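Fit chain C to the given chain D structure using the hints.
Residue numbers (my numbering), protein chains in the order written: chain D, 1 to 476; chain C, 1 to 58.
No lab work stands behind these hints, which were simulated from the structure alone. Note that the structure is predicted; figures quoted are calculated from it, not measured. Accuracy of the hints is not assured; some may be wrong.
Below, simulated SDA-like cross-link-like pairs (lysine to any residue); rule was C-alpha separation at most 25 Å, straight line [what the hints assert, rightly or not]:
#1 D:340 - C:50
#2 C:37 - D:343
#3 D:340 - C:39
For reference, the chains in residue letters:
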Amino acid sequence: MKNLTSLITGFTKFALKPFNTRFKQLFENDPSIDRGYQVDITCVNEGGLAPMEATMELEIINHDIDNMVFGDSTVLSGKELAIDHDGLKEYLLEDRRLQDIDIQIAKPGESCRIGVVFDIIEPRAKEAGSGSDFPGLLGPFAVAGQGSTHVLRGSAVTVIDPSAVPGITSKVLEMQGEPASASPYGNLHHLVLSPKVLDDSPRHVVQNVLRMLSVKAAVYLGNAAQGKKSDQVEIYSQNENDNESREGIPRIAYIAQIHGHQMTVEEDEPILYGSNTEGMMPILLNPNEILDGALVASYWVMRVETYFYQNHPLIKELLSRHQSKEITFTGVIATVAASKETDRNRNCMLAASMAKSTLKADGVVLTKYGGGAPHVDMGETARLCEAMGMPTVVQVSDSSGDRKAESAMLFNYPEVDAVVYGGGGDTGWDVGTPERVIAGTPGVAKTLKDMKYIEGAALCGITNQQGASKIRATVY
Amino acid sequence: MTAVTPVARMVGSNRVVQGKGIVYPLGDAEISNDDEKALRRDIVQQALDALSSEVSET
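Looking at chain D on its own, in the form it has when it is part of the complex (with noise of 0.2 Å):
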């Protein structure tokens, strides 16, 4: 058995190193890849292998931050991270779709407003050595989830769509009065990019250059906190070697919809471990692997933010029922809502089938993505579910504008009588005009100034379809 395990351990030292070389080899010289950009592989940590041991384990490096300044060097000390502006500017200026990019502190508090936001992301790096960071995306090919990971607590690279106009899902940020103490981002130190890309560029080459840079930012400053240790530090894992003590503590699997096909996905547009979900089955996943970076929100997003899946309330809820025996967590089964009927009968079935016989579960909690549609289908997994002895608990949020009940429910059935409501877009608030403004043009700093009332709906982080809001309704 000793032998065995050296071997093994033998084996993935040497499958591991030659597998990086290889692959930054492909990366950096392949002409065949035209990425249009220069990648800085020596930024991004190195890959790894599927997991060795049968339950994968995520070690999260809490290092709380309570101040963001431009320093000389990006460098954590104590709480306070500095930040290298010029350093930083030069390497996402080397993507060369990008003509220039403005980089901006915003502090909890502050009066500050900002947007349009693409997306918000947590500071977050692989522990050197323990896996890839975004892997398929970012980093080398390798399954999220495992190792340990460094996170900038209290801190977030926030990334403005300079093509984008506010509206009904465009996504403003406050940092001053209710809104920023209903929302999840605004106690947070922003690390703010106002990117300005090439002119004429298609939209979604723009799209593709704001994910790539949040992700590269995200890296840049979580890698501040590499070799640093703090008492801060949370294990994720399903860990089921208790089997035994388990029986009779139900099986509880998530099925989670990832995006939502009425909206069509770009070719380039990185979702899932970089791949755009077209033609996605619905698809087994280890709870850390949403945690740790093998998820970012699509182009096209209604209420979700890549934060928000890094820290998903649901998820960690889930394992620390785990952990405490309440419940056995099972597993994620991450599907995305179909345009088609067919796909949407074949993702629908499969998912509510993989529950049953794959994780043999006794109950599944379902969201959605998104709007109306996603609605159906998740109305629709969850009739399956039921009609497979599974009770199910839905989320849903409002569809609807009148703000009737029955108008806002897509589908009815009998069965399906465990509903949470995630919240709906007519909340809002009076606001004053902020003292700063970061935006993505003139045009769009004036209207956001201009602002005399925001929408929930509008802001980020009030309202989320799948389970993160921090305002709570109350009937009379």
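Chain C only, in chain D's frame:
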């Protein structure tokens, strides 16, 4: 005619014709114009057939 038939059934529609997709209920961007026209004719014809058929309680 709809690409989301579960909703049509839920609200009690008695004639439901399945469209191609939410993005294009009566078309398909992935096929040629001629094929798309044929597809559209097909779906509309189905709808007309449905309209002219009797509906009975089941």
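To see whether the hints hold, each was checked on the structure:
1. Our distance criterion of 25 Å between C-alpha atoms is met by residue 340 of chain D and residue 50 of chain C, whose separation comes to about 21 Å.
2. Note on residue 37 of chain C and residue 343 of chain D: the hinted pairing holds, with a Cα-Cα distance of about 22 Å set against a maximum of 25 Å.
3. Restraint check for residue 340 of chain D and residue 39 of chain C: satisfied, since their Cα atoms lie roughly 14 Å apart, inside the 25 Å limit.
Checked against the numbered hints above, the structure breaks none of them.
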